[in-house]
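Visitor: Could you build the full structure based on these sequences and the hints that come with them?
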Amino acid sequence: MLLGKKIRLNRLLSDPSGKYLGITVDHAMARGVLPGLEHIDDLVQKIVAGKPDAFTMHKGIAEKCFDKCAGEVPLVLKLTTFGPVHSKQDVQVTSVLDAVRYGADAVSAGAIVMGEHQPDQIAQLGRISDEAHNLGLPLLAHIYPRGLENREDWFKPENVMYAARLGAELGVDIVKTNYTGDPDSFAKVVAAVPTHVAVAGGDAGSPEEIFKTAWGVVAAGGVGITFGRCVFQADDPTAMVKALSKVVHEGFKPNEALEYYKEISSKH
Amino acid sequence: MLLGKKIRLNRLLSDPSGKYLGITVDHAMARGVLPGLEHIDDLVQKIVAGKPDAFTMHKGIAEKCFDKCAGEVPLVLKLTTFGPVHSKQDVQVTSVLDAVRYGADAVSAGAIVMGEHQPDQIAQLGRISDEAHNLGLPLLAHIYPRGLENREDWFKPENVMYAARLGAELGVDIVKTNYTGDPDSFAKVVAAVPTHVAVAGGDAGSPEEIFKTAWGVVAAGGVGITFGRCVFQADDPTAMVKALSKVVHEGFKPNEALEYYKEISSKH
Amino acid sequence: MLLGKKIRLNRLLSDPSGKYLGITVDHAMARGVLPGLEHIDDLVQKIVAGKPDAFTMHKGIAEKCFDKCAGEVPLVLKLTTFGPVHSKQDVQVTSVLDAVRYGADAVSAGAIVMGEHQPDQIAQLGRISDEAHNLGLPLLAHIYPRGLENREDWFKPENVMYAARLGAELGVDIVKTNYTGDPDSFAKVVAAVPTHVAVAGGDAGSPEEIFKTAWGVVAAGGVGITFGRCVFQADDPTAMVKALSKVVHEGFKPNEALEYYKEISSKH
Amino acid sequence: MLLGKKIRLNRLLSDPSGKYLGITVDHAMARGVLPGLEHIDDLVQKIVAGKPDAFTMHKGIAEKCFDKCAGEVPLVLKLTTFGPVHSKQDVQVTSVLDAVRYGADAVSAGAIVMGEHQPDQIAQLGRISDEAHNLGLPLLAHIYPRGLENREDWFKPENVMYAARLGAELGVDIVKTNYTGDPDSFAKVVAAVPTHVAVAGGDAGSPEEIFKTAWGVVAAGGVGITFGRCVFQADDPTAMVKALSKVVHEGFKPNEALEYYKEISSKH
Amino acid sequence: MLLGKKIRLNRLLSDPSGKYLGITVDHAMARGVLPGLEHIDDLVQKIVAGKPDAFTMHKGIAEKCFDKCAGEVPLVLKLTTFGPVHSKQDVQVTSVLDAVRYGADAVSAGAIVMGEHQPDQIAQLGRISDEAHNLGLPLLAHIYPRGLENREDWFKPENVMYAARLGAELGVDIVKTNYTGDPDSFAKVVAAVPTHVAVAGGDAGSPEEIFKTAWGVVAAGGVGITFGRCVFQADDPTAMVKALSKVVHEGFKPNEALEYYKEISSKH
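So the sequences go chain by chain: A, B, C, D and E. Residue 277 in this note's numbering sits at position 266 of the first sequence; the count goes up by one each step and never skips. Residue 277 in this note's numbering sits at position 266 of the second sequence; the count goes up by one each step and never skips. Residue 133 in this note's numbering sits at position 122 of the third sequence; the count goes up by one each step and never skips. Residue 38 in this note's numbering sits at position 27 of the fourth sequence; the count goes up by one each step and never skips. Residue 207 in this note's numbering sits at position 196 of the fifth sequence; the count goes up by one each step and never skips.
A hint or two may mislead.
Treat identical chains as interchangeable: a pair holds within one or across any two.
[Claimed, not checked] As a list, the in silico DSS-like pairs of lysine-lysine whose alpha-carbon atoms are at most 30 Å apart:
id: 1; residue 1: Lys-264; residue 2: Lys-79
id: 2; residue 1: Lys-62; residue 2: Lys-17
id: 3; residue 1: Lys-75; residue 2: Lys-99
id: 4; residue 1: Lys-62; residue 2: Lys-257
id: 5; residue 1: Lys-16; residue 2: Lys-75
id: 6; residue 1: Lys-62; residue 2: Lys-79
id: 7; residue 1: Lys-167; residue 2: Lys-257
id: 8; residue 1: Lys-57; residue 2: Lys-17
id: 9; residue 1: Lys-273; residue 2: Lys-79
id: 10; residue 1: Lys-79; residue 2: Lys-57
id: 11; residue 1: Lys-199; residue 2: Lys-264
id: 12; residue 1: Lys-167; residue 2: Lys-79
id: 13; residue 1: Lys-167; residue 2: Lys-199
id: 14; residue 1: Lys-199; residue 2: Lys-79
id: 15; residue 1: Lys-70; residue 2: Lys-167
These are computed hints drawn from the structure, not numbers from a lab.
Guide: So, in structure tokens, the structure goes:
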């Protein structure tokens, strides 16, 4: 591994636990301006205040909003996006070299597999992987079996394993995929993927459920989580980041995290 | 032939017999995480321990798993993959120049011919051939008439001959294709292909059948075999590589190889 | 005309008669491994022994088989191929610059017109023409109205004239097309095409018919012939090349050529 | 470290001892056609027969002479040379990318420091280091304080240490420099240079003295030797390589190596 | 060796003897418009009429004068020149890729060694060698120890050997250097240079002396000659080329060649 990749990867995984708490606010192009994303400038500051291990966004948000807290947390630049009218196809919108210009410590790309667009999705991810490898930037990838028709299939262990392993085969350093619902099944995914595996939050529901998912991922041997909606739609995004950090980095149980969240969000 | 290609090709064919035993673990993206591929890190070490002439995998597995045994056996980097939802189309996911960065002694590409995707498959293989030729890297190609509808047609001598010859016409140095089932018919394929011809293992069945196939290929004048499932789904992958080496390099008969396999796998 | 193109074109047309006898063995990918093409290594030597004005093949055959007689006759590298499952579409498999690396004196491309693929066929041919023109390499093109449904239409003078003229319009130096069946009609094709026009042999039948076609082309003012099957499926390919040379370069009548062929092939 | 560099470096250091025996025949441009170098074709075969860990030469010798033994030992391509009339200045004559085309497992560059040309020497070495690093090729460098006026200063520990450390600072993987004359002083050089340190032979004198130097380098913790004249001016170059291998890889004492050399060179 | 280089080199060495007779008219920029070079258009036709194995000139002369006899003999394009005011320094004036556009079968470069410009001369030759190697063009080089002050040193065997060997080390395919004056000393040069060695004519004097030199080179094992002034300052350049061909290709003794020259030049 190039020293450059090692340095930047270690920065993302700098917590003594070796676990990873990433936050993403890359949803607007993909899913619309979801509730919570409207005041993105404030939101960015609030999330940084919670001190996640890394923060993923598109270049425009980085330049316009993250600029104020430049250097406070590692920046992961998202290079691709799907969209409401092309929900099965991630499209590259930023180059790897330009991510260097934006100060990214890593780049992130999406790939939607097991559907009709898999050929172009893997060609694109493979090319981005070569470019990131060549420049010493860690590559995160959001890989889901969302090409399948039925939503429930997106979470089945065999499909999640396929997607996550595909990322590892293509040189992804931190694979972000769907949670299979319980630690036992997810442990099998982790075991079959020879790189770091993190989990997306999605519509994770109540804070209690969110903490349960985060706890389960770590219990299963995953490297951690990369959550978006769970955080920016929380009553108190800063507190939510802090509470998730307790789960991911310090092993808080879901109920302990919930208690902690309530405590600090009320004070906030 | 550029000196670079000659050096690297001689390294792959370094056994005094001039025969080739390649092992592949490039299946996970193409066919799913098959049984035996889950613990890829262990598997890579086990296969290297058997000392094949070369070992084919994708870049992520090379970086994450093969790194521990870097330099012990020649590395062939796989540049393309098909997938469960695009089983008739190999897609390029790694560039030839990046294969140099990963330390490959050769590159490998797949092409699925005699089906609707033949035009893009041969355009891609032709381009990869030019690039490899220009950098002095030998090109292996996995070429099968799998574009045909009926599975049995994939093994018919005329179709296998067409696929293998197509590889030779495009400058492939070692063509890997299907076995036609017996040495006589396969000898005709070999005779019509003016480059090295190796055979894939597929679902080769019992160890006895595996050794029979390997023996038949060499008897027919083929350069050797490039096996995957036969090896990583064997009870003892290291012993299986060693036993196959006896067949390919030393002319063991199938029953001799089976006896040898039983002996060393029990002791293992 | 760039000096480079003139030098190389003169080399192809070096016979004092100014007429052209080209041989092709580029069929295996396009039509399957036809009878006569199986032992390609021997065949290449036999054809070179007959001293044609140029010899057309794909890069792999050049590197693996023609290497032994490197420099003995001019090499025309074929850059495209159609296939059994894409018989209406020639696909580029080698770049013009790489043809320089393989030592080609000229490049050859196919284009199948008057069918659904005409748009991509002429776009491809036009681009190859630009690249060859830029590097000073003559461009040969195999252009046929084979896009039409009915086989008999492929030989009608108006269709052949269209195809051949299209080649000339795109900068092709030697157009190879179908023979219209008699010198009078073919003379009209030649008259309407302001570049060299040669004819393909196809399934030309008996040696007598082959010589009749060759004679007719020259009589009609064509530059000569580019034959494949007529030669490699002949009883004696070397003798057939020599006999065709008598027709094309020395004006032998069909019956004189036949007598000559019988004489030298019996002695052979 | 890129996987490519690791694989290739492991190949150079493949002996279980981890020690390195490199042979060089790169002197003709730098010092004239020295005695022993005249019949370079024979010499190359004789040296390969001794099985050194790697063999360094310029591209023309690689293409014309090493081609016959392509792949038998790792090839290190020399990219620079000084000359009889520019003895203080190594000049680049081959690019790193072209070294890949020649099949090199590593590249080698010279740099003459502590003289008037140091500025251009380190600029050149730094640039070559970047290019080799980018492609995953190990970099060897011949670095000597030969810019100094007095020959005896070239061997002083402080000057050798400066030169060798400069190589390490610029990313060189195996530094080749002058021997300081005894293991104690050389151990200090090795200690101050955080990369592999090897030693040049120069006019090493009698076989006994040659073995003494080789032994001293290894005793001092050096990675090994890169000898030229000592080998190609020996009575029996093959035997000399084998005897040096005993010292470097198996710890033979000088007198043991001398005895071994006499034994096998007489039999040779 | 790339097929392209092999084809083009075989074309230059196409005489059954394997010997080489090259003619050069590349002097005007280097030495002034020497007597005989004034009517270059006529001269080019006269030399071609003698059918040398190859003909070396600059691009402008190729385009303006050689164009008339394009393809009749192989063209070697000269890429560099020295000048009356920079007689120790060859400067590149044409690129290798442009030589392809001019239809060159090979490129030729000069390098003046053993003088103050040796560093830039070898850097330039090394770079041209890489480019020609990459495109499959043979490289001829005019290499002389003309950097030395005293003219007599330019012909001393040790200096000629150094210069010629330097060419071979840098990948030159046909080295052109000075004749050492007698076959015995030149045979030592040839033996120490693992590539083809040809000789320049220079101010070779009378036809008798010219033939003596040509004969001596071949007797010494040289590949042949590359003469300029000897030919274009002869009374009958066409006859001189033909007579030299008798010496080089057919082993005529100097007196036989002289007789032949007188015979055909009087008739001419």
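Visitor: Hints numbered earlier in the text: which of these fail when held up against the supplied structure?
Guide: Violated hints: 1, 12; rest satisfied.
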